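> If you want the building blocks of each chain, they are given just below.
Protein chains: 4
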Amino acid sequence: MSRKIRLAMIGTGWMGHVHSEAYRRLGPLGLLPQAEVELALVVGRRESTARELQSRYGYTRWSTDWREAVEDPSIDAVDISFPNALHHDIAIACARAGKAALCEKPLGLNASESEEMYRVAEECKVLHMTAFNYRWVPALIFARSLIESGELGRLYHFKGVFCQDFAADPDVPFTWRFGADSAGAGSIATLGSHLLDLARWLVGDVASLASLTETFVEDRPVEAGSASRQPVSVDDTTCLVMRFKNGAVGTAQTTWVARGRRCQLELEIHGSRGSLIFDVQRMNELQLCEEGPIEKRGFKTLYIGQHHPYGQVFGLKTGMNLGWRDSFVLQACEFLKAVVEGTRPRPSYYDGWQADRIVEQAVAAARKRAWVDL
Amino acid sequence: MSRKIRLAMIGTGWMGHVHSEAYRRLGPLGLLPQAEVELALVVGRRESTARELQSRYGYTRWSTDWREAVEDPSIDAVDISFPNALHHDIAIACARAGKAALCEKPLGLNASESEEMYRVAEECKVLHMTAFNYRWVPALIFARSLIESGELGRLYHFKGVFCQDFAADPDVPFTWRFGADSAGAGSIATLGSHLLDLARWLVGDVASLASLTETFVEDRPVEAGSASRQPVSVDDTTCLVMRFKNGAVGTAQTTWVARGRRCQLELEIHGSRGSLIFDVQRMNELQLCEEGPIEKRGFKTLYIGQHHPYGQVFGLKTGMNLGWRDSFVLQACEFLKAVVEGTRPRPSYYDGWQADRIVEQAVAAARKRAWVDL
Amino acid sequence: MSRKIRLAMIGTGWMGHVHSEAYRRLGPLGLLPQAEVELALVVGRRESTARELQSRYGYTRWSTDWREAVEDPSIDAVDISFPNALHHDIAIACARAGKAALCEKPLGLNASESEEMYRVAEECKVLHMTAFNYRWVPALIFARSLIESGELGRLYHFKGVFCQDFAADPDVPFTWRFGADSAGAGSIATLGSHLLDLARWLVGDVASLASLTETFVEDRPVEAGSASRQPVSVDDTTCLVMRFKNGAVGTAQTTWVARGRRCQLELEIHGSRGSLIFDVQRMNELQLCEEGPIEKRGFKTLYIGQHHPYGQVFGLKTGMNLGWRDSFVLQACEFLKAVVEGTRPRPSYYDGWQADRIVEQAVAAARKRAWVDL
Amino acid sequence: MSRKIRLAMIGTGWMGHVHSEAYRRLGPLGLLPQAEVELALVVGRRESTARELQSRYGYTRWSTDWREAVEDPSIDAVDISFPNALHHDIAIACARAGKAALCEKPLGLNASESEEMYRVAEECKVLHMTAFNYRWVPALIFARSLIESGELGRLYHFKGVFCQDFAADPDVPFTWRFGADSAGAGSIATLGSHLLDLARWLVGDVASLASLTETFVEDRPVEAGSASRQPVSVDDTTCLVMRFKNGAVGTAQTTWVARGRRCQLELEIHGSRGSLIFDVQRMNELQLCEEGPIEKRGFKTLYIGQHHPYGQVFGLKTGMNLGWRDSFVLQACEFLKAVVEGTRPRPSYYDGWQADRIVEQAVAAARKRAWVDL
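Residue numbers (the numbering used here), protein chains in the order written: chain U, 1 to 374; chain W, 375 to 748; chain V, 749 to 1122; chain G, 1123 to 1496.
For reference, chain U alone in the conformation it holds in the complex:
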């Protein structure tokens, strides 16, 4: 007897589309056989986009008012990908209404919003999850299992970068991402929240950090081709050094002006017994250095596939590639599975809050030009 889950999607942007397609793939991929998922409601800020998602993904109905999702007693689960400024109010309303929710990252506009979202969800005893989709990349899940099982020994170093170049051209127009009012911070928020969540997940909680932020492209055209330019008020680049609570140390860098680095989310972790390297541009690979005779010490390139976590889901042979969208399918599956099974999934709002805290403290540490403790 499969249980029926009614899902409401609040959001019609990029992530609204990507998440919606992911839910649609669960059944055809044979995932979540214990439930029947109804895409019950999609909420957009404009009727036109809400209708577009309804027709494309088969939502039962649409609305322009997110409260409808909260107030409808038949809705079991909510997926929140509205603009960041609205995450807080929607998530808290969902919690108070007893709805399970998956919220896009960054969780809140700032860490105090995120903390409140976490605390209210806990008080209300609802299921809550933050959409750090990279936690669902099988290569990283395998990496974490190696760490958990002690194959790397005591962790020493983390080196992480999230370097892109989409904004390297100074004539890339101004958007909300480049304004402090609209985005809070720059590369450290957009890219850094992913990176620092992975640092926490793989290595552990951050104890303290020092950082610097810099804006290399000081203004941008108000729109493509315009001669009128608007000042950029967030960081293009953030660099930080940090100590983890377990004694590991590390560096991190985020930037969107690194020419040639298209989407380099690269992590390197050294421990007393071994090391690993991962780059999301080659998301089906993991480089692993294990113990062994010194003349054979080196990094091995593993293609992640049928013998690794989630290896059977997509019916691929090792060496065939999973795609970035596939990570959202696994995320969608784990969210709804937790709803069905009543478990408490990770990454939760707690994780979203912690990532927001580190980002916030990275910005503060740069501003204060001092180490900060977390």
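It cannot be assumed that every hint is accurate.
FRET-style restraints, in silico, Cβ to Cβ [unchecked claim]: (1) U:Ala180 to G:Asp1293: 52 to 60 Å; (2) V:Glu966 to U:Lys4: 53 to 61 Å; (3) G:Gly1220 to V:Phe914: 14 to 22 Å.
Short, incomplete list of chain G residues facing chain V, as computed with Cβ under 7 Å [stated by the list, open to error]: (4) Pro1150; (5) Arg1178; (6) Tyr1179; (7) Gln1434; (8) Val1435; (9) Leu1438; (10) Lys1439; (11) Thr1440; (12) Gly1441; (13) Met1442; (14) Trp1446; (15) Asp1448.
Hints are computed from structural coordinates only; laboratory data are not their basis.
Since the model is a prediction, treat every value here as computed from it, not as a measurement.
Cβ atoms here follow ideal geometry from the backbone N, Cα and C, with glycine treated the same way.
Start from chain U and add chains W, V and G according to the hints.
Structure of chains W, V and G alone, referenced to chain U:
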């Protein structure tokens, strides 16, 4: 006014699943807006599997008799992934019934079957396509566009390998792939038909070849763990040298016993002006060497994404990965788009036939220990 | 008419050997045709090692007193590779005696020693050079020429690591490198002085930094196999963030406990127009990202050879490898060429002093847990 | 009591220089302590070049008549790098005169010359060696030791390429390399003899082969910038498939018109238990795939250094690079060590003959368009 297309799937194995999911993703991905696709019928050899695909992918009905797909006048298009031995009869029946069809590779059990499939489809003026899914990998489509536009100049060399290691362990049990009766040939058929189709597509028709085949693992357990072993009667490995009609030359190797080569479908092409390298294990990358000053001559690693063919379909930023399954979505889309628009898509049965011919001649050349002309 | 240069070598350790062989290769390689080099004197602390170098490299005579090199009026140039603690006194004596000198890195035991070495050498108007051999790697010289000519545009980021794993095993015995008294600092001194010199050379002077240091292996056997262990009093690892005076920013890491990283001296530099990557483990390669159409943006792997700086010296075709020892030949050549021509070569003691200052401030910043200005 | 060896060098070209420098480095590197090497005589075809080598490398005397080396009873060993057309006569004269000799590759102008050189040297019981310098690359020596010790199991496949691009530009002028009269064959001789020697050394003797040769650039300027062009009468490219006597199979390709492949001498060998990959452009690396759990199967990148063959000779730490010239030092050392110790070194003239045979049969097989047995 969107046209309705009714599709019948004949096949419930691995490819039946993968193709079915691909059709299901067309709508959600906003592809093929000019048509409404009905998954009208799924045909399996056993009721249980047919029913399973029906329920998973939402086929309107199921059958265990493939003739039902052919005889039902409401069916517009047929997808054929039944065992290779049945491709010929089904494809010819489809053609005679006026159905458009996409048939899995290898097209026929041998080149004369394939040729007949092609000739009948042409006579019947039906749309026909062979499911060489790697032709739908955007990195390769980009590669071909570079070749077509002359950026590599006159083509000199092709070097292609399709090396896997799934059969490297001699205790991998005997399956139909290891028997000449059931599979015709070994790695050169299973892996080589993909490789040689890409050689033809990217470089051109093959004029002549010499080859060798070898079986390193001479027998295999009749089933996992069994002490009883059955002789392997097909090649583990085939190596060939060839001349193309346009004057280019090259080598190719297929094998499934190459330890560490998990799914290396790697191509390298040199021309008078430039070169390129591709490996399906890193299907989102292309290495390109262009003309330019000698001190800066080298291969550049391109991450294929939003600025390349089909770059907008999956909503990815450059550096985020497409997956192997995504190539099937593009194949499904192009098949049905051709049905709607009445065009003649490639790769057609002609291409399937040619690949089968080269495979067959590679086996023959090895047996005869002589060069063969195609 | 070629001038005769009489060289004294003060040092019989690893670098004494490597430098000596480099001088011996100048003539056979056709370098420095304008001079005849006499290896006039080798000074060791023990007679046995001094005699060994004399006989191996053909020094005219040997001594156990370094003052002999200083006081002999026939000596033109001195190569100083005695233990670090003696660099200062020897270099100053050389300067006061009017001798040109090449001194191993780190220049002084601390920055104030290095500064004095620099100031005295300047006062005495003698030629002085610091043996940062990586500045003589052709790939890096080519990298610098690209930066100098503006091909990378305005510099944004430097990311540098010097990661080794020779001390990863906690049973690697205690040596002078692991004691603060003997070595001053740990990986940041031994490895960091190279790394930070390259940062200065390629990017520019450092304005400020924050850092952390950590000792993961807290004690080591007093000798191989011993159960008795001695505390390690220097860093295994140092991580830092820094600002350059020209506005660029960056991170750096040094460590000798990074399993699998055998000798990774890797630099990455992004500028407004392009980027480059270098790793000394592949010292004949440079990865370069130039401007160009967005669909072809990526890093190109260049093999450094006959078309690059010093490309003709070793008679190699591009793609054949220079070795690490070859960089010492170029260093030896440039040192003696400056002696002959009366020029002021770089890297000078000034550069050695600056590297020592950054190392010292990196240690201080970690201790104070604060940003420091340089 | 060290024995004195008097060496005569016959050759003043590229290899004359490279070999000469190698002999000069033996003493300084502490190699061959059991002998004192006198560079006794250098022979050039012109007085000027002979004198140049004399002065650069310190030869005792010079001559323009190679018979002087043969006839001088005080000469112990001869190094032959005169033009290929003279190898045969010189080598045979040396043998008859009882001189040990190291001869450059290709050994003879054709296999029958090589065979005679081998047979005469054997009859005369002199030491004979062919200068396949790549056999002295430590990474390859390590590779061979892995194969010898059975770590790869039974050998299945060899894939070798030697691809360069120095002749890719059709305006590269005509030289002796491009004429059949002067060079015998093209890329298959110049590049192929190295490649096929390595194939024999690592895998075993070749039993049979089929091949094709092609000339893409049909004529070249008689000299740089000239409008007058001369026909090219040798192959730019050769491709072959082959069977080894031990049952392994493989492919090989040589070319000098492969844009972007600067000096790619890349070998890949798969066996029943493991695999390895080597490229001379990264001559300090070996990629190795060993047995182990399937989820960790992959190629490991090893940096070859202090823990590998000849690891202590150059005083490098692992990860620091040996250079191409260093391989000649090891070759020179092993040649003279065999002279001192009276051993029979490999690669001998036998190996040179066998490489010439395979090259010759590769050309013949292409001409006959048939398989040939060796």
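> Where does the structure disagree with the numbered hints, that is, which hint numbers, in rising order?
3, 7 and 8
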